[in-house]
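K.L.:
The residues making up each chain are set out below.
2 protein chains.
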Amino acid sequence: MKKMLIASTSTIFGSAYLEYILTDLALFFKGVDEILFIPYARPGGISHEDYTKIADSAFRKIGISVKGIHEFGDPIKAVQSSKAIFTGGGNTFVLVNALHQNRLMPVIKKAVESDTLYLGTSAGSNITGVNMKTTNDMPIVYPPSFETLGLIPFNLNPHYLDPDPNSKHKGETRETRIKEFLTFNNIPVLGLREGSWLEVNGENISLKGKLTARLFLKNEIAKELTPGILKI
Amino acid sequence: MKKMLIASTSTIFGSAYLEYILTDLALFFKGVDEILFIPYARPGGISHEDYTKIADSAFRKIGISVKGIHEFGDPIKAVQSSKAIFTGGGNTFVLVNALHQNRLMPVIKKAVESDTLYLGTSAGSNITGVNMKTTNDMPIVYPPSFETLGLIPFNLNPHYLDPDPNSKHKGETRETRIKEFLTFNNIPVLGLREGSWLEVNGENISLKGKLTARLFLKNEIAKELTPGILKI
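Same order as they appear, the protein sequences are chains A and B.
Each step along the first sequence adds one to the number in numbering that gives the first Met the number 0, with nothing skipped, and position 97 is 96.
Each step along the second sequence adds one to the number in numbering that gives the first Met the number 0, with nothing skipped, and position 174 is 173.
These aren't lab readings, by the way, just hints derived from the structure by calculation.
Fair warning: this is a prediction, and the values are worked out from it, not measured in the lab.
Take the hints with a grain of salt, since some may be wrong.
If several chains are the same, the list does not tell them apart, and a pair holds so long as it fits within one copy or across any two.
[To be verified] Straight line, CA to CA, 30 Å or less: simulated DSBU-like cross-link-like pairs of lysine-lysine: (1) K167 with K178; (2) K169 with K222; (3) K230 with K108; (4) K169 with K217; (5) K169 with K207; (6) K207 with K178; (7) K1 with K169; (8) K169 with K2; (9) K109 with K82; (10) K60 with K167; (11) K169 with K52; (12) K230 with K52; (13) K222 with K2; (14) K167 with K222; (15) K217 with K1; (16) K169 with K230; (17) K109 with K66; (18) K82 with K108; (19) K60 with K217; (20) K52 with K108; (21) K207 with K29; (22) K108 with K167.
Just chain A, with the same shape it has in the complex:
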């Protein structure tokens, strides 16, 4: 049965990496000693080694060690033999490019559908959706496809940000961008605010954290969903 935690962000304001969600992670990963970390999204261009160290430091606090997928000779076998996977945030284009180049997209999908635990934050959450077309990231590399894992039946917009009514900036708001997406695509989009995450148990998807999430459907007015089991 699919078991996933899909978080808007790894870090909330004024708090350390993964700190706000650490108690939930301890519960979710109960019985797991080692997690396979996918550092491909490389936030700020950080190396795979350095990024893995950051993830490892956080998980050590709950007695779990972290091994980066780049440490394995065969990344496909690394996924297939792991009990738990964590894909960190960073740039979604860089992440999706690396996953396609290493032919990992179907491998991760199959593993998660066959009981491998999955944690994603930010870009690592984006890829659990149908495609990456609602990412906030800059297209700094050209991936062979925008298709992603499709482990949930909608798209995510992590770090969802409400429009600032006082802004004098004329760039598009997040809501405008997502509505633009819906003029060209018919896939629901869930705007997940920082501090919110989804917990997936088989076909049940629950919104966790204290905040509401914003759901966008084609030709409908956006609506706020409260924490609890989602019907999307």
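For chain A, the structure is supplied; the task is to place chain B on it using the hints.
P.N.:
Below, chain B without anything else, positioned relative to chain A:
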């Protein structure tokens, strides 16, 4: 000789469409009766017809009529027979996708290099750079390539926005995103603030408007450039 105006935005806060730059447009397009408008970026999913009407309304104020490229049977011939082109803003992915699908990228490049006047705003400015990898837009469609016109020897980031020191949001700042781009690419990036534009005369490129622009180079600290002829 290349003659281009490349604007960060079509509209600044508290002002009508193109209003802030209209006097300069009248001078730039002196002697031109009709402009070919490329509405492919479709801001907010607007139709080509409606977008062309918006552009036409603005240009009528300076005695110029606007015809949309979609009104022509052959868009390639439409570009080749125009004295002046204006590509409006919207979604850069949608725009670049349409330009590649209609095989217009090399046609526009050649026309502008052969004295066709070019005006771009926002997404229409983005495409004058080497590629579209520094756009702010959401990747709502998958274009066959991120390569663009390469009419200027660097990339642009329109609607450039300085980091908000009071923000509690953990999404990347614009500067962080551009630095990420530079870890994977070695192309200068000019952050062009709203109200700024570039004037290109052959190989001379000048920054116009009252604001400075922010230049990002690989492995260098970003610097502010003042209005006047640029050396990039």
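K.L.:
Now tell me, hint by hint, if it's right for this structure.
P.N.:
Hints, verified against the model:
When the C-alpha separation of K167 and K178 is checked against a cutoff of 30 Å, the pair qualifies both within a copy, at 21 Å, and between copies, at 25 Å. When the C-alpha separation of K169 and K222 is checked against a cutoff of 30 Å, the pair qualifies both within a copy, at 24 Å, and between copies, at 23 Å. For a Cα distance limit of 30 Å, the shortest separation of K230 from K108 inside one copy, 22 Å, qualifies, whereas the shortest one across copies, 49 Å, does not. Taking the shortest alpha-carbon separations for K169 and K217, both the intra-copy value of 24 Å and the inter-copy value of 28 Å come in at or below 30 Å.
Within a single copy, K169 and K207 get their C-alpha atoms only as close as 33 Å, which misses the 30 Å cut-off; across copies the closest is 19 Å, which meets it. When the C-alpha separation of K207 and K178 is checked against a cutoff of 30 Å, the pair qualifies only within one copy, where the shortest distance is 25 Å, while the shortest distance between copies is 33 Å. In this assembly of identical chains, the alpha carbons of K1 and K169 lie at most 30 Å apart only when taken from different copies (28 Å versus 42 Å within one copy). For a Cα distance limit of 30 Å, the shortest separation of K169 from K2 across copies, 26 Å, qualifies, whereas the shortest one inside one copy, 41 Å, does not.
For the homomeric pair K109 and K82, the shortest alpha-carbon distance inside one copy (13 Å) is at most 30 Å, but the shortest distance between copies (56 Å) is not. In this assembly of identical chains, K60 and K167 lie within 30 Å of each other by CA distance solely across copies; the values are 25 Å between and 43 Å within a copy. Taking the closest pair of Cα atoms, K169 and K52 come within 30 Å of each other only across two copies (20 Å); inside a single copy the shortest separation is 39 Å, beyond that limit. In this assembly of identical chains, the alpha carbons of K230 and K52 never lie at most 30 Å apart, being 37 Å within a copy and 41 Å across copies at closest.
Taking the closest pair of Cα atoms, K222 and K2 come within 30 Å of each other only inside a single copy of the chain (26 Å); across copies the shortest separation is 47 Å, beyond that limit. Within a single copy, K167 and K222 get their C-alpha atoms as close as 25 Å, and across copies as close as 24 Å, so both meet the 30 Å cut-off. In this assembly of identical chains, the alpha carbons of K217 and K1 lie at most 30 Å apart only when taken from the same copy (27 Å versus 42 Å across copies). For a Cα distance limit of 30 Å, the shortest separation of K169 from K230 across copies, 28 Å, qualifies, whereas the shortest one inside one copy, 34 Å, does not.
With identical chains, the CA atoms of K109 and K66 are at most 30 Å apart within one copy only, with a shortest distance of 20 Å there and 52 Å across copies. Within a single copy, K82 and K108 get their C-alpha atoms as close as 14 Å, which meets the 30 Å cut-off; across copies the closest is 53 Å, which misses it. For the homomeric pair K60 and K217, neither the shortest alpha-carbon distance inside one copy (43 Å) nor that between copies (37 Å) is at most 30 Å. With identical chains, the CA atoms of K52 and K108 are at most 30 Å apart within one copy only, with a shortest distance of 25 Å there and 47 Å across copies.
In the homo-oligomer, the alpha carbons of K207 and K29 lie at most 30 Å apart inside one protomer (18 Å), although the nearest pairing across protomers, at 60 Å, exceeds that limit. In the homo-oligomer, the alpha carbons of K108 and K167 never lie at most 30 Å apart, since the shortest distance is 43 Å inside one protomer and 34 Å across protomers.
Checked against the numbered hints above, the structure violates hints 12, 19 and 22; every other hint is satisfied.
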